[in-house]
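> Got chain A; can you put chain B on it based on the hints?
Protein sequences appear in the order of chains A and B. Take any residue in the first sequence, count from 1 to its spot, add 7: that is its number in this note's numbering. Take any residue in the second sequence, count from 1 to its spot, add 7: that is its number in this note's numbering.
Worth double-checking, as some hints may not be accurate.
Treat identical chains as interchangeable: a pair holds within one or across any two.
Said to hold, decoys possible - Computed cross-link-like contacts, BS3-like style, restricted to lysine-lysine with a CA-CA straight-line distance of at most 27 Å:
1) 19 <-> 245
2) 64 <-> 118
3) 245 <-> 118
4) 118 <-> 36
5) 216 <-> 36
6) 245 <-> 175
7) 118 <-> 216
8) 64 <-> 175
9) 19 <-> 216
Worth flagging that the hints you see were computed from the coordinates, not collected in a lab.
Protein chains: 2
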Amino acid sequence: MRDKVKKAFDYKRLASAAAALPLLILFLKNLPPDPYFLILLLAVGMLALREFHVMYKVPLFLSIPSVLLGACLLYVMCFYPFYISEAIFAAFFILLMLRLLIPPSPGGALKDIGVIATGYLYIIGFLVFQWFLRRDASGLENIFMLYASVWIADASAYYIGTYAGTHKLCPSISPNKTYEGFAGSIIGGAAGALLVSFIYGFQVLPAGKSVMAGVVIGTVTVSGDLIESMFKRDAGVKDSGNLLPGHGGLLDKIDGLLVSGPVLYILLRFI
Amino acid sequence: MRDKVKKAFDYKRLASAAAALPLLILFLKNLPPDPYFLILLLAVGMLALREFHVMYKVPLFLSIPSVLLGACLLYVMCFYPFYISEAIFAAFFILLMLRLLIPPSPGGALKDIGVIATGYLYIIGFLVFQWFLRRDASGLENIFMLYASVWIADASAYYIGTYAGTHKLCPSISPNKTYEGFAGSIIGGAAGALLVSFIYGFQVLPAGKSVMAGVVIGTVTVSGDLIESMFKRDAGVKDSGNLLPGHGGLLDKIDGLLVSGPVLYILLRFI
Numbered sequence: 008m009r010d011k012v013k014k015a016f017d018y019k020r021l022a023s024a025a026a027a028l029p030l031l032i033l034f035l036k037n038l039p040p041d042p043y044f045l046i047l048l049l050a051v052g053m054l055a056l057r058e059f060h061v062m063y064k065v066p067l068f069l070s071i072p073s074v075l076l077g078a079c080l081l082y083v084m085c086f087y088p089f090y091i092s093e094a095i096f097a098a099f100f101i102l103l104m105l106r107l108l109i110p111p112s113p114g115g116a117l118k119d120i121g122v123i124a125t126g127y128l129y130i131i132g133f134l135v136f137q138w139f140l141r142r143d144a145s146g147l148e149n150i151f152m153l154y155a156s157v158w159i160a161d162a163s164a165y166y167i168g169t170y171a172g173t174h175k176l177c178p179s180i181s182p183n184k185t186y187e188g189f190a191g192s193i194i195g196g197a198a199g200a201l202l203v204s205f206i207y208g209f210q211v212l213p214a215g216k217s218v219m220a221g222v223v224i225g226t227v228t229v230s231g232d233l234i235e236s237m238f239k240r241d242a243g244v245k246d247s248g249n250l251l252p253g254h255g256g257l258l259d260k261i262d263g264l265l266v267s268g269p270v271l272y273i274l275l276r277f278i
Numbered sequence: 008m009r010d011k012v013k014k015a016f017d018y019k020r021l022a023s024a025a026a027a028l029p030l031l032i033l034f035l036k037n038l039p040p041d042p043y044f045l046i047l048l049l050a051v052g053m054l055a056l057r058e059f060h061v062m063y064k065v066p067l068f069l070s071i072p073s074v075l076l077g078a079c080l081l082y083v084m085c086f087y088p089f090y091i092s093e094a095i096f097a098a099f100f101i102l103l104m105l106r107l108l109i110p111p112s113p114g115g116a117l118k119d120i121g122v123i124a125t126g127y128l129y130i131i132g133f134l135v136f137q138w139f140l141r142r143d144a145s146g147l148e149n150i151f152m153l154y155a156s157v158w159i160a161d162a163s164a165y166y167i168g169t170y171a172g173t174h175k176l177c178p179s180i181s182p183n184k185t186y187e188g189f190a191g192s193i194i195g196g197a198a199g200a201l202l203v204s205f206i207y208g209f210q211v212l213p214a215g216k217s218v219m220a221g222v223v224i225g226t227v228t229v230s231g232d233l234i235e236s237m238f239k240r241d242a243g244v245k246d247s248g249n250l251l252p253g254h255g256g257l258l259d260k261i262d263g264l265l266v267s268g269p270v271l272y273i274l275l276r277f278i
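The shape of chain A in the complex, shown without the other chains (with noise of 0.2 Å):
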């Protein structure tokens, strides 16, 4: 589900892939979520929101305080929710507040305003919920099902979509989508989450619920993905960024996870 069709066997792609997944696996196993996971989401926050900034051109003086104001709103909403409301208005309050000291004002205004408020919506307000998934007692293993899910989703839905892919999907945003992608995505998110569960025993989620999951996330992955091509081809770029080689930005690493965490953050609760 790449935007750009390349040759189906992407050796930087695989070789970034393969370093890097048993580093994550062996992070996320071995060292106690606080701070450590913690740490990770916090990182992956700032960065996420400096790429979507850089995507939309925030001036520097703008963004850099809300990167870091943003990295504020993730801790407050993982572990004080009683002040989300006072958090929400002491950083907004503080960038408006910059925005009319900086040049051009008031022209524009609403162009770095807007970017930033999605930014917090969009990315840190979805990213929070990977740390309400960890930090349950089946944490590690809600953890694992969300990545294994998502980027088998990902992964499935790449190569059966160059293979097999004849049907588009939605040209207007994202031109190489394809519905047999999408199918390749539900079944890749449905391999993933029962994988996940096998490795645990079925302990948590058995079978028939485990591939439910997975569906709905393979499905709402395909969503993920559309929303950050939008931003995207709406900002004129081609990657969000170039963080690992063949892999493009973090913003197109995470687009799936950002809008599967939640979804299965509450499925959880109903199944």
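Only chain B this time, still in chain A's reference frame:
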């Protein structure tokens, strides 16, 4: 501190204030806050969001669901702070999906979504503090203090600025604001807070602290006014709308309140 100097005694303006004020006082004093004050806040939030969307030409197809979801967000922030993250995700994900569907998609996606996100943080996120102020034990006094300080600050800034204003405060954003008007706002804020404390027999705040709170409100009211002027100038409109004759739009009326509400709420925790 209006954007345009009119003749100092604008009778339409005085007449609408004289008609609306006693009604508002009766409403606040005699009706239980839940649900009446809450309904007022929800209505103000929805109208203000809609005005903001009209200012920036958000298409109706996106504006209407976003106004309705904004009211839901405000309600959740008032009563279910532990579910704010879920509410933010649900509302914003729905709107992002809707934006995917409407033409011209993806072009201008951030222009629309950015206005909506800014409206949520700036209008809904700031307005909720009036509910926090109102639900306190001294809720009625808090709200009267807020309204009296902000509106007397506004009026005092307007008249002092009109008669005695010579030194421009911030000509690129709001050409008719002057330092003299700013001083008027601070004096008016202090007078308003002192008046309300006096009426309530200084039970919640003694005279000195009332003056202090009023000075802070009189100061931040001007910044609220400047923030809204920045958005109006950026959007290329003179008034945010046309709600009351002589008073401009609803956002013009509540710009100072939006910022002063949270500041008074936080201040009352500390003094």
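> All hints are to be evaluated individually against the structure, with a verdict given for each.
Each hint tested on the structure:
In this homomeric assembly, residue 19 and residue 245 come within 27 Å of each other (Cα to Cα) only inside a single copy, at 18 Å, whereas the closest approach across copies is 55 Å. For the identical chains of this complex, residue 64 and residue 118 are neighbours both inside a copy (9 Å) and across copies (14 Å), given an alpha-carbon limit of 27 Å. Taking identical chains as interchangeable, the C-alpha atoms of residue 245 and residue 118 lie at most 27 Å apart whether they share a chain (20 Å) or sit on different chains (19 Å). In this assembly of identical chains, the alpha carbons of residue 118 and residue 36 never lie at most 27 Å apart, being 41 Å within a copy and 41 Å across copies at closest.
When the C-alpha separation of residue 216 and residue 36 is checked against a cutoff of 27 Å, the pair qualifies only within one copy, where the shortest distance is 24 Å, while the shortest distance between copies is 54 Å. Taking the shortest alpha-carbon separations for residue 245 and residue 175, only the intra-copy value of 19 Å comes in at or below 27 Å, while the best inter-copy value is 46 Å. Neither within a single protomer nor between protomers do residue 118 and residue 216 lie at most 27 Å apart by alpha-carbon distance, with minima of 43 Å and 40 Å respectively. Proximity of residue 64 and residue 175 under a CA criterion of 27 Å is satisfied in neither setting, with 31 Å inside one chain copy and 31 Å between copies.
For the identical chains of this complex, residue 19 and residue 216 are neighbours neither inside a copy (35 Å) nor across copies (65 Å), given an alpha-carbon limit of 27 Å.
Checked against the numbered hints given earlier, the structure breaks hints 4, 7, 8 and 9 and satisfies all the rest.
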